Structures are given as structure tokens and as C-alpha cells.
Amino acid sequence: MSVREAELPLAEHRREVPHLGEQYETIEQQNDAYTIGMWAFIVQEVLFFGGLFAGYAVYRFKYLYEFVAAHHTLSIFFGTLNTFVLLVSSYTMARAVRAAMQQKHDKQLKYLLWTIFFASIFMVNKYFEYSEKYHAHLIPSYSYSAEKVIHYNHLKVENGMVDLGARKVTLEEFTGRTKLFFSFYFIMTGLHGLHVLAGIIVLAILAVRAYMDWVRKVPHADYMPVEMVGLYWHFVDIVWIFLFPLLYLMGGQ
Amino acid sequence: MWSIPFVPPTASKEGETISALYWTISWLAVFFGSIVLFGAIYLAVKYRASNEAARRSDAVETDMKLELTWTLLPLVLALAIFAWSAKLYAGIYAPREGAYEVFVIGKQWMWHCQHPNGVRENNELHLPAGRLIKVNAISQDVIHAFSIPAFRVKRDVVPGRYNTMFFTPTKPGKYHLFCTEYCGTKHSEMIGWVYVMPPEEFEKWLAGGGAAAAPTAMSLEEQGKQVFEGVGACNTCHMNPNSAVKAPDLRGLFGKKVKLADGSTVVADEAYIRESILNPAAKVVAGYQAAMPSYQGVLSEEQVIQLIAYIKSLANQKPAGGQ
Amino acid sequence: MATITAQTGTERVNYLNVRTTVASWLLTLDHKRIGILYLLGITFFFLLGSIAAAFIRLELSTPKGDLLSSDTYNKMFTLHGVIMIFLFLIPSIPASFGNFVLPMMIGARDVAFPRLNLLSWYFFMIGGLLAVIATVKGGIDTGWTFYTPYSSAFAKGEVSLAIIGVFLVGFSSIFTGINFLVTIHKMRAPGMTWFRLPLFVWAMYATSLIQVLGTPVVAITLLLVAVERSFGIGIFDPNRGGDPILFQHLFWFYSHPAVYIMILPAMGVISEVIATFSRRRVFGYHFVAFSSLAIAIIGFLVWGHHMFTTGQSIYAGIVFSFLTFLVAIPSAIKTFNWMATIWKGRVHWDAPMVYALGFLGLFVIGGLTGLHLASLATNVHLTDTYFVVAHFHYVMVGGAIMGYLAALHYWWPKMTGKMYPQSWAKLAALLVFVGFNLTFFPQFILGYMGMPRRYHSYPEEWWALNLLSSAGSSVLAVGYLLPAIYLTWSLKYGRIAEKNPWGARGLEWELVDTLPHPHNFERVPIVTRPAYDYAHPEEPTAIFPAPRPAYVGGGGKDG
Amino acid sequence: MATPHEEHTHAQRVSFYAKTLWVLMVLLVLTVAAGFVKMPDWLGIAVALTIAVSKATIVILNFMHVRFSSKLAWLFAGAGFFWLIIMFAFAFADYASRHWEPEQGW
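Going line by line, the protein sequences match chains A, B, C and D. Counted the way the working numbering counts, the first sequence spans residues 367 to 619. Counted the way the working numbering counts, the second sequence spans residues 20 to 342. Counted the way the working numbering counts, the third sequence spans residues 219 to 777. Counted the way the working numbering counts, the fourth sequence spans residues 445 to 550.
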């Protein structure tokens with residue numbers, strides 16, 4: 367008995383649905399499995415970002431004045447624009463998933479490209495923000511200096527003491543704490559940016575596949591990959607929905 | 020010749036109660052442990068396949084009564100142990116009045132202990148028997164842990180904050196002191212001795228400037244006063260009638276409640292005073308400007324401790340009105 | 219792999235001989251082969267970790283600490299910690315036996331995401347490789363807990379490289395967790411309802427919950443330490459405004475549930491082994507199943523008992539201590555239910571059963587000494603001493619590794635089609651039991667006397683007990699070498715195992731022949747009987763339906 | 445057996461997605477507006493978080509189709525955030541209760 371015959375006799379219902387995995391019996395089972403698997407991945411991502419939010423919350427609780435001073439340097443315009451852009455990209459992604467489900471590959475391709483477009487705008491905004499911070503020496507490495515923060519908030523500094531209105535802190539401590547804010551800012555938005563970048567790459571792959579499906583007039587392609595990337599993309603949008611108010615708006619200060 | 024010790028010496032009041040708790044849990048563990056271990060072996064032998072004599076029944080698959088007993092019984096025992104141990108835990112770490120205070124500074128690979136009267140010791144600590152001791156510990160670099168097994172007490176020594184613990188040594192003697200939180204290469208050399216002496220012998224030792232160890236005869240308060248008027252130059256503003264700057268009067272301050280600029284009140288304990296020295300703007304007293312410069316990096320940990328001791332010595336004087 | 223000699227004349231196709239090229243192993247999607255690959259990986263890392271342990275015990279056999287310099291000793295115990303926990307204990311049962319047996323137990327052809335399964339193995343090997351490279355390039359001396367500010371500001375050595383290695387192994391564990399969660403939910407054969415599942419599957423489900431919900435938090439925390447080391451920011455360094463206790467909160471949020479990742483699979487294996495060799499359904503099946511879930515969930519609420527002495531507030535300490543006592547109850551329920559299973563059963567004293575009884579004995583001592591550490595006052599005295607070292611070795615080595623050996627001896631015929639010499643196996647089990655107690659029981663006494671952890675030299679009076687412990691460890695080493703010898707021996711010269719060597723119930727024994735077919739089952743079975751149904755030996759647990767082409771069963775649809 | 449063609453999919457009408465986007469836009473304007481209103485710190489945080497949580501729930505329910513998928517998806521979606529709350533609650537329990545010293549002889 368050669369190896370080929372040992373393979374399972376290809377059940378008739380598999381031929382109709384080529385993308386049905388060998389280990390699955392029905393397409394509903396596979397779709398449910400993909401959805402639950404993606405949600406498990408998103409749960410893990412929620413806790414991954416959750417650790418960062420917990421750290422940020424503890425230091426915001428301890429060093430409120432310095433964090434408020436540091437967050438004034440963030441431009442609320444860019445923040446709002448980025449949130450707007452991501453929300454719209456979520457919308458176009460949902461439309462792409464809808465089109466894929468209805469096997470309308472041309473509309474699916476169109477909306478995928480729109481999503482990539484908005485995601486790229488988001489990354490471009492990020493590039494401007496980061497480069498502006500780089501020139502202001504606000505990147506939290508060895509070359510960090512709190513000059514810009516002091517200048518931006520018009521804080522008075524005499525004999526090594528920064529006056530924060532309610533209280534005064536030494537310049538060295540003030541620099542340390544604002545550096546802490548910026549390290550959390552760069553780690554959280556940087557990690558989120560990486561996730562957006564990974565999203566763009568996967569969306570590009572999906573766009574190519576959508577184009578191939580459209581050109582070859584594939585009667586019913588597997589829409590699950592598009593739905594999975596949709597779930598991932600909406601999650602990335604949700605992380606920014608929490609990041610924006612906590613970092614840029616600091617809750618009403 | 021090999022007198023193998025199996026039990027640590029018990030030399031503190033807390034130690035006795037904690038040992039009692041320890042042995043209670045241990046005997047419970049031995050009791051339940053032997054039931055399970057020997058019970059399982061006995062059952063496995065009695066009901067081995069080749070022994071047809073044993074009565075077998077496949078009917079019983081679960082028995083609610085049995086399940087409840089071996090759920091509730093351990094639960095009740097566990098809660099009893101929990102309540103007893105929580106009370107003892109609070110006894111060690113909750114603040115108590117009237118304790119003989121020792122400051123301990125842990126730095127990479129040595130202990131530095133300081134008595135209220137200024138006597139300083141490295142890797143050694145002399146304590147009076149029978150008196151409540153309060154150890155106030157802080158680290159200068161990484162996390163260490165000040166552990167005296169004979170007293171059954173231990174406190175992590177964390178950089179940047181005071182950790183305190185309370186115990187009452189009883190039996191005079193020489194006991195081990197260890198660092199038990201991993202702190203680097205010479206973690207296992209960061210050890211020392213704690214000497215418990217009868218009270219009068221301890222007073223004699225202390226008065227004699229701690230025999231070998233302490234170079235200066237001055238007490239902690241005197242050193243604190245020296246820093247207050249010397250390098251700290253605190254008296255330019257504090258308790259100086261003709262000073263330009265209005266600064267809070269430190270007499271009668273320690274231990275009292277202080278109303279802050281932002282409306283909250285806080286007890287003036289060591290942590291508040293240390294923070295007000297190193298970061299004065301953190302808790303500004305109501306009615307005063309945040310004008311005091313910070314002494315972070317200006318004064319060493321020892322000098323801060325001496326200042327705190329000096330301010331404590333002012334606690335019972337009456338503040339001059341108006342300042 | 220050695221080619222398996224023919225059984226019934228024509229060579230039957232099984233997962234081993236269907237393709238024997240190296241590429242077929244390195245690119246396999248078959249859950250059974252990935253299980254074998256993991257088995258080889260963890261055995262290699264267990265060897266590495268044991269060598270480090272040997273150096274530690276040799277060093278501690280004399281009080282003066284003259285064999286190794288203190289720096290090398292610190293690197294040794296860090297290596298022992300990191301390798302044994304991240305590279306052996308966490309993946310040991312879930313990734314090797316879970317991968318191999320779980321799909322067969324629930325009547326599936328493979329795990330839900332075979333490609334993700336292989337990716338998890340590569341993440342595991344690359345992460346392990348990075349840890350080995352970090353060791354070769356000088357090693358790290360921070361302890362497996364990476365406490366800051368030592369690990370982020372003061373430690374020299376390849377800390378960042380080791381952290382990236384642990385980060386990758388963490389993700390390998392997350393992928394295994396995701397895979398099993400979906401497989402158990404969606405890939406059960408028709409008729410395999412939740413309460414017909416074998417208890418090993420319940421334990422795997424609880425373990426996957428912890429792997430998915432806990433591991434990312436330690437991943438991000440260690441990433442922050444690595445970022446702090448390379449960019450000099452002060453997130454956990456108090457001299458720059460950080461808070462080391464925050465690191466401990468985030469670290470132990472994962473690391474305590476991680477110890478349940480290590481013990482729950484072993485408990486699952488013991489439920490299987492005791493049920494099979496007592497020929498009885500596990501007593502209180504529902505209680506044992508739900509106590510696995512209870513351990514997984516309450517396990518997330520107790521991490522503060524690692525921080526009773528660090529200056530954590532008294533009230534938080536009291537809350538954590540209370541919850542820690544609660545998490546001990548499900549383990550007690552399981553232990554008593556196992557004993558009740560043996561009562562009135564037909565006990566076959568085969569090798570796996572001997573290991574399972576060893577597990578029972580050692581795990582109960584480990585569990586009960588946990589009470590000393592859960593109670594606040596005694597924890598103050600005992601934390602960071604050898605009492606803690608003895609406690610977690612009793613639970614990890616006495617529990618998890620005894621469970622791992624029981625699993626190894628229980629499913630060895632299913633994996634290799636060969637039987638091993640029973641008498642040698644029982645001797646090895648006895649040696650491990652005796653050697654283990656000789657090694658770690660003295661450490662309880664040393665711990666109560668206050669001997670601190672991670673010391674390479676200690677006061678003179680504790681010499682005798684440490685020497686006894688080192689002597690015991692050599693007996694334990696022999697106990698571990700024996701299985702390695704006779705199991706590899708059995709690969710070549712072992713007796714061919716018949717289809718169901720232990721006469722066990724369950725899909726993986728009744729429906730799958732000794733060396734499983736690459737796809738486990740010709741057709742998806744229908745499960746008719748609950749697990750461990752020894753009361754009705756004549757009825758099979760599951761039957762194959764008549765071969766109809768388009769059979770649509772749809773995995774256990776439960777919404 | 446549902447032939448693969450007319451499988452039931454969660455696809456909704458276009459207006460459903462358009463309306464969701466509108467609601468999200470309104471909430472975004474609300475967030476930014478709340479950002480400029482001067483209010484005590486804890487109130488600011490509470491408002492910002494409630495708006496963010498509501499936006500996140502809308503995205504999860506409508507865009508991620510959790511509203512139409514199985515109970516299991518609800519469970520998984522909820523579990524992630526619930527565990528986040530566990531971590532925050534117990535960590536903050538320690539930080540908040542650090543200054544409550546029990547009185548003498550307790």
C-alpha cells in the first residue's frame with residue numbers, strides 16, 4: 367500500500383470546498399475554529415498591552431505633575447488626526463470583510479487598498495511626530511533633555527529647582543520623571559506602530575490575493591483570512607482608542 | 020563531634036509565637052501527608068489485581084458527602100491558620116509605639132547599622148534584651164533583605180523607601196544575620212552577627228561608645244544638630260526669628276498631624292521628614308511657600324538619618340508662636 | 219528514527235515510517251511528530267539544566283564554597299533556573315505529550331492549527347538556542363526572577379540576550395495554548411461532550427487558559443527590563459524614579475500562574491494513569507475536572523504571596539494570603555479523589571502506576587509545605603530560604619517531573635511501538651523517590667534554620683545536612699539516568715508492544731493501533747461511552763460510523 | 445447540508461457600518477472636547493475611560509461581528525478585558541493601601 371493511498375480517501379465534500387483543512391470536517395467548524403483562535407490571539411495581545419498600561423497608570427498616579435507637563439509637548443492635532451484616520455480605516459476594513467463575504471473581489475480589493483492608504487497616513491503622521499521629538503531631544507535615551515518640556519510649559523527654573531506651581535522639583539528629578547513619561551510614550555506608541563506596520567504588510571498580501579481572486583473570477587474564495595485580519599486590525603484600532611486619551615489628552619488636564 | 024542542629028534558636032517574643040504556628044502547620048502537614056502517602060500505598064496494595072479477596076464495587080463513582088468533607092475540612096483548617104498568621108504578621112510589620120529604633124542601611128555586600136546615640140556598626144548589631152526594637156531599613160543600590168533567623172523576622176531592604184519591622188529580643192546571645200534577597204556577586208558574604216545583651220550590660224556598651232566600633236562619642240541628635248547648623252544650613256530659615264524666608268517651626272513637629280497646601284493632612288513620620296528633606300516640594304505645609312531647596316545628592320543617607328533624629332529630639336519642645 | 223520492523227507481514231503505514239527524510243521531520247505538520255520533536259528538545263534542555271544542578275550540589279557539599287567562584291556559582295543557579303523552568307518544565311507535558319495524545323483523545327485528526335504548532339516548536343528551539351548562546355558568551359547572574367534594579371542597572375553579562383530568548387519561548391508557550399484552546403472547543407468528535415472528555419484534556423484546557431492569559435504579561439515586563447538596560451531609562455530603577463515593586467507585581471502576575479502551567483498537566487496525567495491502572499472511573503470526575511479550572515482561575519489572584527516581605531501593604535498581604543489558602547483546596551480535592559479511585563479498584567502495579575504513586579507521595583508533601591509559605595507570619599521567616607527551595611522542588615520535581623515520567627512510561631508504547639523492561643522502570647521510580655527525598659527533605663530543615671537561598675557558602679554548622687542533600691542528589695541523578703538508558707535501549711531491542719498494552723479505555727488506545735496512522739482515524743469516530751468506562755469493558759468508548767462519503771459531524775457544537 | 449455557496453455569513457447592510465462609523469466619530473469629538481474641559485484629575489480619567497470603553501465596545505460588537513457570532517466569541521472577548529481588570533485591581537490594591545497602618549495591638 368503506497369503512501370499516496372494511505373492518505374485519507376478525499377471525501378466528496380472536500381472537493382467542493384478546496385480550502386477546507388484536512389483536520390476539519392465541515393467549513394463551519396473551520397470558520398469557528400479560526401474565529402476563536404483569532405480571539406485567543408487578541409486576548410493575549412490585550413494582556414500584552416495591558417502590562418504597559420498598568421505600568422503607565424502606576425507612574426501617572428505617582429508623578430502626576432511631571433506627566434502633565436511632559437504631555438503638553440504632544441500635539442493634540444496629530445493625535446486626533448491619527449484617531450480619525452484609524453477609525454476610518456476600521457470602517458474600510460469592515461467594508462472589505464463584507465465584500466469578501468459576498469465574494470465581490472473587486473470591492474474587496476478597493477476597500478483593502480483604502481485601508482492600507484489610511485494606515486500609511488497614520489504611519490506618516492507618526493514619522494512626523496517622532497522626528498519632531500527627535501530634534502527636541504525628547505527620545506528617552508542618553509541624549510534626553512527636558513529643555514523642550516520646560517520651555518513648552520513656560521516653567522521657571524532657578525538654582526536648579528523647577529517650579530511646577532503646586533510644588534518644586536530638582537531639575538535632575540524633573541528630567542528623570544519626564545524621561546519616564548517619554549519612555550512609556552515611545553514604548554507604547556512604538557509597539558502600536560509596529561503592530562500597524564505588520565497590519566499593512568498582511569493587508570498588502572490580502573490585496574494581492576484579492577486581485578488574483580478577482581482576475582481569475584474564483585467563484586467562492588475563502589473569506590476567513592480577510593475576516594481574521596479584520597479582527598486584528600480592529601484590535602489595533604482599539605489599542606489606539608485607549609492610547610489617545612490617556613497619553614495625548616491626559617484626561618482633562 | 021558533629022552536633023547537627025535541627026532547629027534554629029528562638030530568641031525573640033515574636034519568634035516563640037511564630038515557631039508555635041510553624042510547628043502547628045508542620046504537624047498538620049505530617050498528619051495529612053501520612054494519610055495520603057501511606058493510605059495510597061496501603062490501598063494500592065490491598066486492592067492489587069492479584070488479590071481477589073478484596074471486596075470490589077464499581078458502583079460508587081462519586082459520593083457528595085465524602086467530597087464535601089474533604090473540601091470543607093481543609094478549608095476550615097486553612098482559614099484558622101490564616102487568621103492566626105495574619106495577626107502575627109501585623110504584629111511584626113504594623114507600627115508600634117515606644118520602640119528602641121535602629122537605622123539599617125544595606126549597600127552592596129555589607130550592612131551598616133546606626134544606633135540613636137550615634138554608635139555605628141558594620142555587619143554587627145548589639146541589641147538590648149527584653150525591649151521592643153524597631154528596625155528602619157533602606158538600601159543604597161539593589162534590593163537586599165535584613166534577615167535574623169533566630170528572631171524569625173526578615174524585611175526586604177528596598178532602595179528609595181524605608182521598610183520597618185518590630186520585634187522583641189529575649190534570650191541574650193550571638194545570632195546569625197543574613198542578606199536573603201539576591202543582590203549580586205558577594206550576596207553570600209553579606210552576613211553578620213546580632214548580639215543580644217542584658218539591658219544594663221547593653222547600656223554600658225552603648226555609653227562606652229560601643230567599645231571598638233564608634234569613633235565619635237556624639238549621639239545621633241548631636242550629629243544631627245551639627246548637620247542642621249553646619250552643612251545643611253537649615254537654621255538659616257527654620258527656627259530663626261530674623262530669617263527672610265518664612266519656614267515651618269520644627270519644634271513639636273515629629274509624630275503630629277501636618278496640614279498640607281493641597282488640603283490633605285499627613286502624619287510627620289520619618290518618611291515624611293526624609294521626603295521633605297530630599298524633595299521638599301512634594302508635601303508643602305499649608306500656609307508656606309515651596310521655597311526650600313532639595314538636598315538630594317547634597318546630604319548622604321547617614322546625614323539624613325541624623326537630621327531626622329535631631330528633629331525627633333525637638334518633638335517635646337513647644338514651638339515658639341508665630342513662626 | 220530506527221525503522222520499525224514489520225508487524226503483520228505487510229508494513230503498516232504509521233506516522234513514523236510514512237516519510238523518513240529529515241525535511242519530513244523539520245517541516246512536519248503532524249501533531250504527533252511535533253510532539254516527538256518537542257520531546258527531543260526538552261530532553262536536551264533537561265540534561266543541560268541537570269548539569270548546572272550537579273555543579274550547585276557539588277559546590278554546596280562544602281561550607282567554604284571553594285569549588286566555584288561566587289560569580290560562576292551565581293551564573294550556575296541562574297542557568298539552572300532559567301533552563302529548567304522556561305525550557306523544560308513549562309513545555310514538558312503540554313508540548314510533548316499534549317501535542318501527541320490530545321487530538322487522539324478527543325477523536326480529531328490533528329490540532330486546530332498545525333502550522334502554528336510547528337511555528338511554536340521553532341520559536342521554542344530558537345529561544346532555547348539564544349539562552350544557550352547567552353550562557354556560552356558569559357552567562358547571566360540575575361537569578362531566573364530577573365529582579366530589578368539588579369538585573370536592569372547593576373548586572374553585567376548577556377541579560378538582554380537571555381531575555382529575548384525567554385521572550386521567544388514565552389510566545390511558543392502562547393501558541394501551544396491558543397492551539398489547544400481551539401482544538402478542545404472545536405475539534406471534539408461527535409458525541410464527545412465536555413463530561414465525556416478524559417481528565418487529561420480538562421487539565422490541558424486549564425493549562426492553555428493560563429498560557430494565553432498569563433505569558434504576555436511576563437513577555438512585556440522582561441521586554442521593559444531589556445529596553446531599560448539598553449537605553450538607560452529608569453522604569454524599574456528607583457535611582458531614576460522607577461519602582462522595583464512594580465516589576466515584582468507584573469513579574470509574579472505571570473510567574474505564579476506559570477507554576478500551575480507546570481503542575482496541572484502532571485495532574486492530568488496522574489488522573490489518566492491512576493484510572494487506567496486501578497481499572498476504575500476517577501472518583502468524583504466532575505470535582506476533579508472543575509478543580510483544574512478552579513486552580514487556573516484562582517491561580518491568577520494569589521501572586522502577592524511572593525512579596526509579603528518586600529514592603530507590600532499589610533492589607534494587600536492579608537488578601538493575597540487568604541486567596542492563596544483558597545487555591546490550595548482544589549489540589550486537596552484532587553489528591554483525595556485520586557486516593558478514592560484506588561480504593562476498591564483492581565490495581566495493576568505497572569511502571570506508570572509506580573511513578574503515579576510516587577507523584578502522590580511527593581506532591582502531597584510539596585502541597586502541604588505550601589501552607590507554611592501561604593501563612594503570612596511563617597512566610598516572613600521562611601521566604602528566600604531553603605524551605606522555599608525545598609517546597610517548589612517537591613512540587614516541581616516531585617510533582618511535575620514524576621508526572622512527566624509517568625506520562626513517558628504510559629504513552630511510550632503508543633509513541634514508539636516498543637515496550638521497555640518493567641522491572642528496571644520500577645527500580646528507577648524507587649530510586650527517584652528515595653534519592654529525591656534524601657536530597658530535598660534536609661533542605662526543609664535547613665530552610666527552617668534560616669539558610670538563605672542562592673548562597674555559595676554557608677555557616678559551618680549546616681555542613682552535615684548539605685552534605686546529605688548533595689549525596690541524595692547523586693542517587694536522584696542515577697534515578698533519572700536509568701529511564702534514559704532502558705528507554706533508548708527499548709527503541710532497538712524492546713518487545714513489540716501490542717495494540718493496548720495496558721488494557722486502557724479511551725480513544726487513543728481503543729481506536730488507534732499501536733503506532734498511529736498519520737491521520738489517527740480512517741473516519742471521524744462517534745463517541746458513545748464516557749471516559750474510563752471500566753464498568754462496561756465490552757462496550758467500546760467510540761465506534762466508527764459506516765463509511766458514508768460526505769459525513770458531516772461538525773465538532774461538538776456547543777455554541 | 446448547507447452547500448458552501450449560500451453559507452450564512454455575518455455580512456450586514458452598508459448602512460449598519462456607516463452608522464457605526466458615525467457614532468464613533470461623534471464619540472471621538474466628545475473625547476477631544478472632554479480633553480479641553482478643566483476638571484479634577486480623577487473625573488477627567490473617568491470620563492476619558494468611559495468614552496474609550498464605549499468606543500471599544502462598539503468596535504468589538506459591530507465591526508468585529510461579535511454581536512452575531514457564537515457565545516464562545518463573547519466569552520473570549522470578555523475574558524481578555526476581565527483579566528486586565530484583575531491585574532489592575534490587585535496591583536492598585538497594594539499601592540493604595542500602603543499608607544493604611546492598622547492601629548496598635550490589632
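None of these hints come from the bench; they were simulated from the model. Some clues are possibly wrong.
Here are the simulated lysine to aspartate or glutamate pairs, EDC-like style, with alpha carbons at most 16 Å apart [stated by the list, open to error]: (1) C:K282 <-> B:E80; (2) D:K515 <-> A:D588; (3) A:K428 <-> D:D485; (4) C:K562 <-> B:E80; (5) A:K470 <-> A:D588; (6) B:K205 <-> C:D289.
These numbers come from a predicted model, not from an experiment.
Going down the list of hints, with the structure as the test:
1. C:K282 <-> B:E80: 57 Å, violated
2. D:K515 <-> A:D588: At roughly 23 Å apart (the allowed maximum being 16 Å), A:D588 and D:K515 break the hint.
3. A:K428 <-> D:D485: Satisfied, since the Cα-Cα distance of roughly 13 Å is no more than 16 Å.
4. C:K562 <-> B:E80: Cα-Cα ~11 Å, so holds.
5. A:K470 <-> A:D588: 12 Å, holds
6. B:K205 <-> C:D289: Holds, at roughly 8 Å.
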